[in-house]
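> The listed protein sequences correspond, in order, to chains A and B.
The opening position of the first sequence corresponds to residue 1 in the UniProt record's numbering, with each subsequent residue numbered one higher.
The opening position of the second sequence corresponds to residue 1 in the UniProt record's numbering, with each subsequent residue numbered one higher.
Be a bit skeptical, because a hint or two may be false.
For chains that are exact copies, the list does not tell them apart, and a pair is met inside one copy or across any two.
Below are the EDC-like pairs computed for lysine to aspartate or glutamate, each with C-alpha atoms no more than 20 Å apart in a straight line [to be verified]: (1) K323 <-> E171; (2) K290 <-> D120; (3) K323 <-> E82; (4) K253 <-> E359.
Since the hints were made in silico from the structure, they are not lab data.
2 protein chains.
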Amino acid sequence: MGFSFECHASCRQTGARAGVWHTPHGCVETPRFMPVGTLATVKGLTPAQIQTTGAQMILANTYHLHLQPGEAIVEKAGGLHEFMGWQGPILTDSGGFQVFSLSELRQIDESGVTFCSPRDGRIIQLTPERSIQIQNALGADVIMAFDECPPAGAAYEEVVAATERTYRWLERCLNAHQCPQEQALFGIVQGGIYPDLRCAAAESLVKLDLPGYAIGGVSVGEEPELIHKIVRITAPLLPPEKPRYLMGVGTYKEMVVAIASGIDLFDCVIPTRFGRHGAALVRGERLNLKNAQFREDFTPLDPTCPCYTCQNFSRAYLNHLVKSREMLGYILLSLHNISELVRFTQQIREAILRDRFVEEFGGWLDDR
Amino acid sequence: MGFSFECHASCRQTGARAGVWHTPHGCVETPRFMPVGTLATVKGLTPAQIQTTGAQMILANTYHLHLQPGEAIVEKAGGLHEFMGWQGPILTDSGGFQVFSLSELRQIDESGVTFCSPRDGRIIQLTPERSIQIQNALGADVIMAFDECPPAGAAYEEVVAATERTYRWLERCLNAHQCPQEQALFGIVQGGIYPDLRCAAAESLVKLDLPGYAIGGVSVGEEPELIHKIVRITAPLLPPEKPRYLMGVGTYKEMVVAIASGIDLFDCVIPTRFGRHGAALVRGERLNLKNAQFREDFTPLDPTCPCYTCQNFSRAYLNHLVKSREMLGYILLSLHNISELVRFTQQIREAILRDRFVEEFGGWLDDR
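Using the sequences and the accompanying hints, generate a full structural model.
Given below as structure tokens:
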């Protein structure tokens, strides 16, 4: 089986491309949005429901799964696919982002990061070797290099040091990786907001001929203009015969801009987070289903949406569920929101295949 | 369409019977457990998931739906079936039980009950006429008479008065009912713990030739012996050509005892409530999935159970989800628990059809 990426169509005016990426657990048609299943569950949805959204690949989090239930349990269960009942491709992140953003009392040195478990207070050390060891045990199709993520607004010298360390850590990750045939290890281009550092990082990573490349450090909450700038600079430097993944991004415009630069894969917690807050993504807009305007709105969220929620329920019913704090409200909204973002990337894919990307999605590329 | 009950087999040694009950929204094979969907949602489950449990008929609550979203919204949506996306038979209770058990500041007189809405504090009056009017608007297949439920431990004279009033209120319900062809109005036999009052109530209700009969006032939390005694006295007095429903009961032994007395239908909040508390019903036992003993238990909840949860997930995964307070844990446990109780009644049904009820389920009838 192994991994291979086929490009089926490329846009003549932009870097957009439509392809099929083969992984040991099946194909991923790109460009494509991937839902996040932090603790080996996409919040509120069964694998059967996730499948109906058109999602082909999902994410899980090494940091969270290391803390609970621990990778030993997942490994004994036969790996993540078996443990969580998802037979399609899975990607685990390295835990780096969570260690830097969620943990208290962390110490960073050349060996790795030491932090306090938020669950039971015990001291945990995560190193490149340890992250890969955990990800080998979890058994996802794609695993990510352990990187140092400098905070937003970090000074140039700080980012230089973090980017260089990220490269040295990547080499250690590659050495530690036990099963490159079964699990593809992606490198992550860091470099903060500094174009020259991004370029240098991309260049040195490309030389390692990795099975895939990610752009990190441009996640939810960043200035959209910053995301656009970094992606436009970095993505074209990555080898065309490998999949390209923009980490943590899943807003409409940012995905279109990134696809135009040649990005293939996206992930974001927005669809499930919005769902749990009673909000729906509908054609680029955010609807708050709690609002009284939906009380007697007996139309679906989006009459053109083929998802289970839109095919069976009205905005009035969703308003009732959300107002009543019923679990089913969060479930149905999460189901729709994931379907919506997957479908959006799928529609872009079809436009690229028909050579109509700029005609149909060019509007999103305008600065506004 | 309308309503009709066919008895397909009767036990030679007990009152147990297996039948098919035709309703405007489809058949219910009896005996059968019905899950509760208080606010027009069986907590955490989509209608598609409910269907996979084998549940054929579900309940909703007039009291809760009157408070939120209000019956006017449900009626405008085209009725409960349309509103909640459940195309099978639905039963609504009268709101009586909730008014008496949940509301503060209630005043009871011959006209009805006045109480304070727990949502916004406004004063609401529920009368037999109002309950039926609301249930007519909700549009369930089966609606229940508005009854007075005396508290547990009520004195004889108090229960006499409540039972007599319940009869007068039933007559008013029948007069108020607008669509007896589409909605079957069931009477409820009350009478507390007093056999003579139960018998008298059953006798007077039977004379009204109602489309179905319920036994009320023997709900979750009552002494099992009391439930057995009342059901054994009351059920055989109800006409055999009509369905018999024991309200609020859904424990294994109590269902077998009731079926042996001729009861056809059950409802109970236990499967979803246990599910939300991380507990599973497995062959008569309650398993707390939070317990460390399940951490590395890679077997399903019940290897003989055909439900989605047991076919796809291990106890170790459920332990992980429940410990992580993930919604999916509650969902998968609720799904299993409902399947388990429906399947239990379905297995009893098949035993009755094969004339093997006492042989296969007689053990539950022993006093212990």
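> Does each hint fit the structure? Answer for all of them.
Tested hints:
1. K323 <-> E171: neither (51 Å within a copy, 36 Å between copies)
2. K290 <-> D120: between (36 Å within a copy, 17 Å between copies)
3. K323 <-> E82: The answer is between: 19 Å across copies meets 20 Å, while 36 Å in one copy does not.
4. K253 <-> E359: The answer is within: 15 Å in one copy meets 20 Å, while 67 Å across copies does not.
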